[in-house]
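Engineer: The chain contents come next:
Protein chains: 2
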Amino acid sequence: MKLGRLTVVGVGLIGGSFALALKRAGAVERVVGLGRSRANLDRALALGVIDEIAPDAASACLGADLVLLAVPVAQTAPMLRQLAPHLPSDCVVTDGGSTKQDVVAAAQAELGARLPYFVPAHPIAGAEQSGVEAASAGLYDGRLVVTTPLPQTAASAVRMAEAAWTACGARVVQLTPQRHDEVFAAVSHLPHALAFTLVEMIAARPEAQQLFSFAGAGFRDFTRIASSSPEMWRDICIANRPALLREIEAFRAALEALAQHLRAGDAQALARLFERARDARDSWLQSMGAR
Amino acid sequence: MKLGRLTVVGVGLIGGSFALALKRAGAVERVVGLGRSRANLDRALALGVIDEIAPDAASACLGADLVLLAVPVAQTAPMLRQLAPHLPSDCVVTDGGSTKQDVVAAAQAELGARLPYFVPAHPIAGAEQSGVEAASAGLYDGRLVVTTPLPQTAASAVRMAEAAWTACGARVVQLTPQRHDEVFAAVSHLPHALAFTLVEMIAARPEAQQLFSFAGAGFRDFTRIASSSPEMWRDICIANRPALLREIEAFRAALEALAQHLRAGDAQALARLFERARDARDSWLQSMGAR
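Residue numbers (our numbering), protein chains in the order written: chain A, 2 to 292; chain B, 2 to 292.
Mixed in with the good hints, there may be bad ones.
Which stretches of chain B does chain A cover? Using the computed rule of at least three CB atoms under 8 Å from a CB of chain A, they are [claimed, not checked]:
id, region
1, 183-197
2, 200-209
FRET-style restraints, in silico, Cβ to Cβ [to be verified]:
id, chain 1, residue 1, chain 2, residue 2, range
3, A, Gly143, B, Ala164, 46 to 54 Å
4, B, Ser288, A, Thr177, 44 to 52 Å
5, A, Gln83, B, Ala205, 43 to 51 Å
6, A, Ala110, B, Arg206, 28 to 36 Å
Since the hints were made in silico from the structure, they are not lab data. Ideal Cβ positions, reconstructed from N, Cα and C, are used throughout, including at glycine.
Start from the sequences, fold in the hints, and give me the full structure.
Structural biologist: Given below as structure tokens:
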């Protein structure tokens, strides 16, 4: 796969790493960047992440073979609206958003006849850092990218977008947009909500400073994802509200079950619960290492 | 500080690292190990963590200057009961338990006239590994050790125990047993309960394998503490029940507040919550780095 012209909309961690990975693979000739912040685009140019800054959506689309949309998911609709009139007829569009049903709805509303050339994608390669400074050519190496093509998505567009993600070093897996959002509500959005909630709860207390002074390595790792971008996570939580609310309810019930064991002083039930969790996590870690 | 004879009861991660750290500091002449598993003691001897295996409590106490109790907290009382009749008159006892009110109650019940020589301690240096194989001389370097002396604890005993922990590379801070347990319910026991609960909740679902297959680095770090010893954490949770139950209730309420913002679609409130969490965590990380 060799792209002539790649346009990256939103040159941050996800967009910048996509450009760098395709350059590393020799899979792209020229990368054009479009974004809200001129300072960030200048930095991306200086770092060699992009080769050219587009002054507007029309210039960004000119001659593009592939467009990657890598903006907070709530900006998907307005951004597609700007791009749609200018997309070349054979240009494929993919994205890097962490939710997919809302992105698909935005594409359906904004892309019209161009919808078959949109290939929704979610690279599982977040980091608590953000911005082009954090971008790296190796971010996607060995990582999963979930694509959620629609029945009307063109097979050629799916092939092209998936080939680009594969050239970045990723493994591609397909899900429906709905199943994607259910799965990530459980294994990503809920943990983020829990980590943000714990840190905020402690920070809001009068004795917060004393409490934090005794927090150790376990707390640091447990809360790492609470250093993620508030703007990005606001959008993800709002976009995936129904599934996330179901997971929060399930978690509150599971936590209440643990509290019941505690109130009853049922040491055996607690030990069994902790053992099941440890065994499940250890098996998961092994399967991660094996693949 | 130079100890002639140190007795480590429970030669695992905490006890073994204590012995290795004091040996590294040249602060101990001979280390005696006592434990439930002969195979583990043989391993500790082969690794040079201990110099001698004690066949029973009486031999373990013979000539000891300092005894470290490093067993799951529920074993504190039965173990002190075995040791008490054999402790030399000037021998100091300290421990490594993650809860302190229950450990203090056990010492009050079992040590009688020897109570002033018991210095309750909690090194903040857990790891999800356990066992003597994981022990290292550097485990306590730069870490906090909380001691919770009682009004009747002898000042000379506190000095000796704290000097030993300091020789291990740790910084010592004092709290009351009650405040200790409140603080660690919030910053350690609650996060462990949340991590165990999340993994167990997902593992219990029919589609667990699919869910785990999409879990990424954020999930891995968030749940790292769910690979901790189920036996140890069962004991901690039971020992610190009242404070942990209060924290679980507070967390369920905080999570419900987040759910309310979600139900209301209040993106601004969500963003503010996430920002407060991120800023608090980033400040905490900076203060950790600074000290």
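Engineer: With reference to the structure, classify each hint as holding or not holding.
Structural biologist: Status of the hints after comparison with the structure:
Only residues whose C-beta sits within less than 8 Å of a C-beta in chain A count toward coverage, and the region 183-197 of chain B has 12 of them, enough to reach three; the restraint holds. Taking a C-beta to C-beta cut-off of 8 Å, the region 200-209 of chain B contributes 7 residues in contact with chain A, enough for the three needed, and the coverage statement holds. For the hinted restraint 46 to 54 Å between Gly143/A and Ala164/B, the CB-CB distance of approximately 48 Å keeps it satisfied. A beta carbon spacing of about 45 Å between Ser288/B and Thr177/A agrees with the range 44 to 52 Å that was offered as a hint.
The hinted range of 43 to 51 Å is satisfied by Gln83/A and Ala205/B, whose Cβ atoms lie roughly 45 Å apart. For the pair Ala110/A and Arg206/B, the supplied restraint of 28 to 36 Å holds, since their beta-carbon distance comes to about 33 Å.
Of the hints listed earlier, there is not a single one the structure fails to meet.
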